[in-house]
Each structure stands twice: as C-alpha cells, then as structure tokens.
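Listed here are the chains, written in short residue letters.
2 protein chains.
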Amino acid sequence: MKFGGTSVATTDRIRRAAKRVGVEVAKGYDVIVIVSAMAGKTNELVGYVEETSPLFDAREYDAVVSSGENITAGLMALTLQEMDVPARSWQGWQVPLMTTSQHSSARIVDIPTDNITRKFGEGMRVAVVAGFQGISPEGRITTLGRGGSDTTAVAFAAAFDAERCDIYTDVDGVYTTDPRICDKARKLDRIAFEEMLELASLGAKVLQTRSVELAMRYNVKLRVLSSFEEQSDEAGTLVCDEEEIMELNVVSGVAHSRDEAKMTLISVADRPGIAAAIFTPLSEAGVNVDMIVQNISEEGRTDMTFSCPTNQVGRAEQALKKAKDSGDINFHDLVADTDVCKVSVVGIGMRSHTGVAAKMFKVLSDEGINIKVITTSEIKISVLIDRKYMELAVQALHDAFDLEKA
Amino acid sequence: MKFGGTSVATTDRIRRAAKRVGVEVAKGYDVIVIVSAMAGKTNELVGYVEETSPLFDAREYDAVVSSGENITAGLMALTLQEMDVPARSWQGWQVPLMTTSQHSSARIVDIPTDNITRKFGEGMRVAVVAGFQGISPEGRITTLGRGGSDTTAVAFAAAFDAERCDIYTDVDGVYTTDPRICDKARKLDRIAFEEMLELASLGAKVLQTRSVELAMRYNVKLRVLSSFEEQSDEAGTLVCDEEEIMELNVVSGVAHSRDEAKMTLISVADRPGIAAAIFTPLSEAGVNVDMIVQNISEEGRTDMTFSCPTNQVGRAEQALKKAKDSGDINFHDLVADTDVCKVSVVGIGMRSHTGVAAKMFKVLSDEGINIKVITTSEIKISVLIDRKYMELAVQALHDAFDLEKA
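Chains as they are written, first to last, in UniProt numbering: chain A, 1 to 406; chain R, 1 to 406.
Hint data in this document are derived by calculation from the structure and do not stem from the laboratory.
Be a bit skeptical, because a hint or two may be false.
Treat identical chains as interchangeable: a pair holds within one or across any two.
Claimed, not checked - Okay, derived cross-link-like pairs now, DMTMM-like style, lysine to aspartate or glutamate, Cα gap no bigger than 20 Å in a straight line:
| id | residue 1 | residue 2 |
| --- | --- | --- |
| 1 | Lys19 | Glu51 |
| 2 | Lys119 | Glu138 |
| 3 | Lys119 | Asp333 |
| 4 | Lys221 | Asp366 |
| 5 | Lys19 | Glu50 |
| 6 | Lys19 | Asp57 |
| 7 | Lys119 | Asp57 |
| 8 | Lys41 | Glu51 |
| 9 | Lys405 | Asp161 |
| 10 | Lys388 | Asp399 |
| 11 | Lys184 | Glu243 |
| 12 | Lys221 | Asp114 |
Predicted, not measured: the structure shown is a model, and the values here were computed from it.
Take the sequences, apply the hints, and build the full model.
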C-alpha cells in the first residue's frame, strides 16, 4: 500500500491512512506500506538546498530531501502501534533498498527481503518503508527521482511477490479522459498495463510511467484509488495484464497534453542523412522530440516538422541555428508554434480492430478541427491540433467512441 | 566545531557558520563539524510524534526526530562545497556512531574512526556529522537525549584526538554569573572542568553536564564561543584541565536556580534507617532530591527538609503520603515551599582556601537574607533562600568575591 504526499499531509490524514492499512491487516494480510513525505515537506527541503547551492552536489541533495519520507515512516509506524497493529519503520538503508550511484535519479538494483521477512516472522504485521530512497554501493543515501515513491511501491510488491500493490492518491482511479475537461468521463474498473503506459506518458498524471513499466515487467497488479473516499474491494482502477481484462476496449481513453510545441524547418535541403543531421544536435541539446513529420519533397527541398515540450523551444532553436551556422544543415526558416496541443486515443483493442484512425480523423474533421501532425503506435493515435480546440476534440472523441458507457 | 540550533537556524546562518569552519581549514586543520537541527525543527518533529502517539515507541520517536540534524548536515556540506571546501555529510549510522539500545537517551559505545579518516586521506577537509544520533546494535536509529549534540562533539574530539572542541552557541562564553541578573558579570577566559560541571548542574545553561563530564574524562579542551560575534583565537571561554589554568580562582562564579522547591516533613519519628525510609520511595517515584537537612532531634522526633525541582513537588507529596499510609514512615505534617531559590558559589580554589563559606554566610546575613538550607561540595557552597532575594544575593556575592576583576 502506497500513500502519496496529500494522503499523509497531516497527522490526522496519516491516521486515516493507517485505518485503511488496519483493514487489510484485519483480513489477515501482512502489509508493506510505502510513504511519501508529508505534502509540502519535500518542496521545503528542496528550497533549502537551492538557497544553499545552485549547483548542488546530488549526494548531499539526496541526504537532505530523503528526510521527508523518514519522518512520515516513523509517524505512520507510531500511528499503527497506537491502533495495536505491530508495525515498525524502515529507512531505505535499513531494508536495504540497493540502488545505483546515480544520485537524484538512482535506479533500483535489488531489494533483499530477508530483514523484513524475518520481522514478519517475529510478529510484525506492517513494515512502513520510506519511499523514494535507497543506498548506493558506496553507502550514501540515494533518491529515485520523479515518481520514486510509486516505483518503490511496485518494486517492493515485485520483490515480496505481493498479491496486489495499492496506490493511494488524491484521485479515485483512472478515467476515460480528464473529468475537468469532459463531464462524461467515466472511471475505468480495469486498464491494461500498455494502455496505462500510453496514458501516463501522454499526460494523465495518475501514475508515473516508470512505475507502470516496472509493474508490467514483473506483472504486479496495481490498483489506483483515493485515500479520501470510502474503501471497497471494487474501488479505484486495477492496472493489470490484458489477459485479466475480459472484454478489451477498442478505445479505452482519450488523453491530452498542453505542453507541446510544434517546430517547422522550412525548405530544408533534402538529402540522405538529413533527418540524422537535424535530430542529432537536438538530442545532444537535451530536446525531447516527440512527433516528427516530413513533407513530400519538391525540387530537392522539403519541410520538416516536429514537436517537443514547450519549455524546450528555446533550446531547440539554439541547437538548430548552431547546426545551420556550422553548415551541417541548411534551411530557409524556422517557425515555432506554441499554440498547439496533443490529443490521443488509446486502446489495446486497436491491435485487432481497424478503422480507429479513420474514425478519429472524421470526428475531428466534422468539428472543423485541422490536424497538424499525426503519430501512431500499435495501441495509440496522437494528433497535434490548435490549442483552442482541445476541449472540443476531447469531448467529441469521447462521445464518438462511446466511452461514457461501461 | 559544534554549531547549535540557533547558529544554523537559517541557510544564511549556516553560511556564516561555514565561514568559521573555512577559517580553520585555511589554517591547515581538518575539521569535524557537528550540527544540531535548525532551531525549531526538533520541536516541530516532537510535536508530530506527540500528536500521533502520547505513549510513543522511543525507536520510532528517534527515527523521526533525528531527521532534523540530517537536514542541517547536508546543507552545511553543500555550503562548504560552495566555498570550495571539500566536505561531505555523515549521518550517525554512516560513521557509524555506535550506541546502546536505550532509545531517546542512548549512550555512546564507540566511534570507529576508519571511515572518516580514510576520507580525510582522500582529500576531504571537513566531515559534517549530524549530532545527537547514533545506531543501536540492532541497526535502529538512536538519539542521545538532552545535550546530545554537545556530547557528540566531545566524543568525536576524544575519538579523533582533536586539538580542540569548539562549541558555537548563542552566548559568547561562560560568565562569572548571569549577566541578566548582575551587570558586573565578567566573561571568564578559562574555567576548570570541575567548576564548569558544578556550574552546569547548578543551572548555567551554556553546556550540558554530560558533555563536560565526557570532556573531563578524556581531557578534551572545550571552547565555548558565540557564532554571532567576531572570531579570534582568544574568543569565548576555554574549559580545560585545572593544570592549564595559571592562577586558580578561589571563587570563579556565582550560580543560581529558580527551579527549586523546599519540602519539610515535620515531626518525623527519629530512628535508625529513617532517612532511607523517606528517600527510597522518593527515588522510586523519580524525584530528584538535591539538598537534605535534618534538624537536631528532640524527644525522639525531628524535622527533615529537602529540595527538589519545582515540577516534582506533587510527585514527592504523593510518594510521601503513600509511605505514611503504609506505615513505613510517620510524620506530623508535610510543608512545601516553592517560593525559594538556590544560590551557589563555585571555585576550584576552595580546595586549598578556607573561609569561603564563612564569608558567604556573612555577606548574606549583612543583606538580611535568611538561609534555609545549606549544602557544600569540595568546590561549591549552595544555599536555599527566599526567591525574592535572589538578585540581591547574586549581586552581593559577586561584589564580595571581587568577580568583576580578572
């Protein structure tokens, strides 16, 4: 069971979370609880570090910011003990959760289960583990970076062969689309790992991509549910192997992302290797290129369009101008359009059903929405459109694919 | 070098403290810095624990409250690195500072020096150690209790055979008496361990008794100085072996304590073993009895007077009434007087000079102050008097023993 920062923001909320743990213990389960820092604590600690040292040593950063989770772990163990549930806290180095030495973005190497298993054998019912942290081969404290607590939870579930991994958060599950944009959005009871991965990377903020990847690799049943609503066995959304989903949806959800910019290189000299000449300097500059479209070539010249996150536009322009100045590429003009957005439909059933793309394009066309760029994967179709049409597109696609119906 | 909570209360103050460390590094010293939690942090963490669990598990309490020092240690290391001083932080378990398993009041068992010494050999100039914490034989985090950071500093100085142990605090040294009570109070350049011990246990809040005891046992030269004043080699007060003090003062200081209550058992049946019958139940009830006076016996009965901290009066009354009810002791009445205070003169020269007690009693008598109880040790004389005379007594004694003159 993993509780995020808003679920443990105060000692009262920790008590509420502990009650949910108590319910599982009463059912006979031994439980490993992974906790985040109390909401706001990590930002406070990061603030101290940034005040102290703009170019900080990541090892010291990790030693400082990991404190937030340690505090919650101790408080959660105390709360469970108050409820007569035998519990104790574990900091990363005590487990030990062994990681690589890449401080602030370490990867989990191993979770030996001996120490915690022995304590379960001695009567402990709940191991409360500080999320987001581990220990390097050098004996220094590491942190796992973004989404680290979700990843910790999934890794523990895999290491201990847990029956389920429940992620408690401030939303009550995964929806067919963003309920703030489309009031017909419906909570999904189940979703396949691959679909969740596409939705996570497309901007649905429920779970971090990394934790879903890990769950898929080790086939950990993930349940996403709210710590603020009544609990039941059917609550939330189960993220699981597609084989555990009876009737696969052709389309399971519509995702959107505002954080997209479109960049077009106008009149590029079209020659073999031109794509590499453009995208190598972008990659070296740390630009995350998402979609790419090359126009048909006329008289040896073409237009090349790609998308990247909005805050990387400056970096992309700089890299491309430098490549032009050094003669590596040749183009007439560079046009950035930050007034766009990405809308995607995702569904594992697309693998066996055809016509989804055609239907998506027709729906958008009927609404008068012009498509600027298209990309597809086996279970996803994404389009770049003007930002002003985002809500309209999401709602129209949600209707057209009947997503409000279970 | 040890920096207390007010000396590291903000990132700015940490920077100021780091500059002082930098000065010592520039002189060629390798430095071990012991840090407390930023002022207020420990109270915040203790507050969380008390909200969570009134009868808390001390192991979890320790895991939570030790976080404060870890945060400061990381921030101090980062600040030193910003100043181009090679530094790293050490949490108690990383050193490892090995303690007993008495959580929240653990005692230091050993400080292996290998890990930190090896890093000094590799070019590290400053080891920043989180104070107040260690690791138990079971691998759990322990804390050392009150004054734990001072004790950590002295223990490290002893283990590493340090040239000096500088305790930075919010006062600039040890004074002949409390400057808030007596404006003629003078800062002492040097004071002997034994004198400091008497002053510490008598209510001078500069250093905790425990750290002075440890310094005396291992002959660690302790310097107390302010982190808010200009630094010089002669700053502060050096607490050292009496052999390093050229001219020992007959009287070095006048201490006072408001936290005293006088209790009198009236008309106790005087028989062999009566003192044990009275003080054993008090000790079992956790009452810290300080001074004891027994009146001369008349007709087989006597009065017995003792002092204890004000907040233990209720506990003492309860224990004595219980002993009376069970027939273990027999007395006519029990009178508590919380309107008293203790004033003491301390000086290592008393060992060889006589007449200090006589002079003290005459000074108080000349001021019309009645003495209620007297105790003495080899280097101290303490009296219990009415609280309203406290300032007058301190000032008169300070004058009479010429303490304003160096």
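Okay, the hints, checked on the actual structure:
Proximity of Lys19 and Glu51 under a CA criterion of 20 Å is satisfied inter-copy only: 16 Å between copies versus 38 Å inside one chain copy. Taking the shortest Cα distances, Lys119 and Glu138 sit within 20 Å of each other only across copies (12 Å), while inside one copy they are farther apart (26 Å). In this assembly of identical chains, the alpha carbons of Lys119 and Asp333 never lie at most 20 Å apart, being 66 Å within a copy and 55 Å across copies at closest. Taking CA atoms no more than 20 Å apart as the test, Lys221 paired with Asp366 passes in neither setting, with 40 Å inside one copy and 86 Å between copies.
Taking the shortest alpha-carbon separations for Lys19 and Glu50, only the inter-copy value of 19 Å comes in at or below 20 Å, while the best intra-copy value is 37 Å. Within a single copy, Lys19 and Asp57 get their C-alpha atoms only as close as 39 Å, which misses the 20 Å cut-off; across copies the closest is 19 Å, which meets it. Taking CA atoms no more than 20 Å apart as the test, Lys119 paired with Asp57 passes between copies only; the shortest distance there is 17 Å, against 36 Å inside one copy. When the C-alpha separation of Lys41 and Glu51 is checked against a cutoff of 20 Å, the pair qualifies both within a copy, at 15 Å, and between copies, at 18 Å.
With identical chains, the CA atoms of Lys405 and Asp161 are never at most 20 Å apart, being 35 Å at best within one copy and 76 Å at best between copies. Taking the closest pair of Cα atoms, Lys388 and Asp399 come within 20 Å of each other only inside a single copy of the chain (19 Å); across copies the shortest separation is 85 Å, beyond that limit. Taking identical chains as interchangeable, the C-alpha atoms of Lys184 and Glu243 are never at most 20 Å apart, the minima being 27 Å within one chain and 86 Å between chains. Proximity of Lys221 to Asp114 under the C-alpha cut-off of 20 Å is found in neither arrangement, the shortest distances being 23 Å within a copy and 46 Å between copies.
In this structure, the earlier hints numbered 3, 4, 9, 11, 12 are contradicted, and the remaining ones agree with it.
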